[in-house]
Structure formats: structure tokens, C-alpha cells
Amino acid sequence: MEKINSKKLPEAIGPYSQAVKANGLIYTSGQVPLDVDGNMVERDIKVQTRQVFENLRNLLDDALCGMDNVIKITIYLENMDDFAVVNVLCAEAFGDHKPVRTTISAKGLPMNSMIVIDAIAQPYDYY
1 MEKINSKKLP EAIGPYSQAV KANGLIYTSG QVPLDVDGNM VERDIKVQTR
51 QVFENLRNLL DDALCGMDNV IKITIYLENM DDFAVVNVLC AEAFGDHKPV
101 RTTISAKGLP MNSMIVIDAI AQPYDYY
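Residues 1 to 127, numbered by our numbering, are exactly what the sequence shown covers, in order.
I should point out that these hints are in silico values taken from the structure, not numbers from a laboratory. Any given hint could turn out to be false.
Simulated crosslink set (DSS-like; lysine-lysine; CA at most 30 angstroms straight-line) [unchecked claim]:
#	residue 1	residue 2
1	K46	K7
2	K8	K21
3	K72	K7
FRET-style restraints, in silico, Cβ to Cβ [unchecked claim]:
#	residue 1	residue 2	range
4	A22	P99	15 to 21 angstroms
5	F83	K3	31 to 37 angstroms
6	K72	D125	16 to 22 angstroms
From a predicted model like this one, the values you see are computed outputs, not experimental measurements. Heads up, the beta-carbon is just placed ideally off N, CA and C, and yes, glycines get one too.
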């Protein structure tokens, strides 16, 4: 198992790796809407979702992946009323690439986040 920690992201908020490479796949920790300095972005679902996807892109880039390498994402939403907005932003983030996805309603997300997303990806060097 290879640990992956990106300088493009704030440090992990707990004792864990930002991502790991194991058995040819990249597994990310849940990405919260923190900017590179570790500050929570505005409490708005669009702003937070875009920040989470930016963090995910940066982490995958350091793992020699891109958004088109993502196999599966899990989305944790504080409020399922935001589902439609998040759908639009997922389409914006992934374009024609459509990884499998699970969306879960979850109260009490880390740092009072409205959304957290984790991913599994297959790096370019796997092929």
C-alpha cells in the first residue's frame, strides 16, 4: 500500500492518508470543502461541491489520475434537498464520463460540511 498526500490540499484533519494506492487502485479519503489553507469555504452547496471536486481533482492528479479515471464516488449529503444541484455539478465535473455513484444522507459531517465525497480511481499506469 502506497500513501498519497497532496501539497495541493490542506493537511488531513485526522490520523489518516488523503489517499492510498492498493492493488492497482486509488482510494481517496472523504474530501471536505476546505481550501488549500484549511479554511472552510462559504456554506453554500454549489460553492462547497465545487471545492470538493477541486480537491478531488488535485488529489487524483498527484496520484497520476484524472477525473476520467474515477470508477466510483460516494457522496455524503447533509440535506437530500441538495441532490438535484449536486447532480448538475457532478455532470460539470465529470462531463461524459459517468462513474458509478452512491449518494447517502448524512447528518453531522466533518467540520459542519454540507457535502463530503470519496472516490475510487484506476491510475493511468494501471493500463
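Do K72 and D125 keep their Cβ atoms within the hinted range of 16 to 22 angstroms? holds, 19 angstroms
Hey, K72 versus K7, does the alpha-carbon distance stay inside 30 angstroms? holds, 24 angstroms
Distance restraint evaluation - A22, P99, Cβ atoms, bounds 15 to 21 angstroms: holds, 18 angstroms
Regarding the pair K46 and K7, is the alpha-carbon distance no greater than 30 angstroms? holds, 24 angstroms
If you draw a straight line from the CA of K8 to the CA of K21, is it 30 angstroms or shorter? This hinted pair holds, its Cα atoms lying about 18 angstroms apart.
Between the beta carbons of F83 and K3, is the distance compatible with 31 to 37 angstroms? Since F83 and K3 have Cβ atoms about 33 angstroms apart, the given range 31 to 37 angstroms holds.
In this structure, none of the earlier numbered hints is contradicted; all agree with it.
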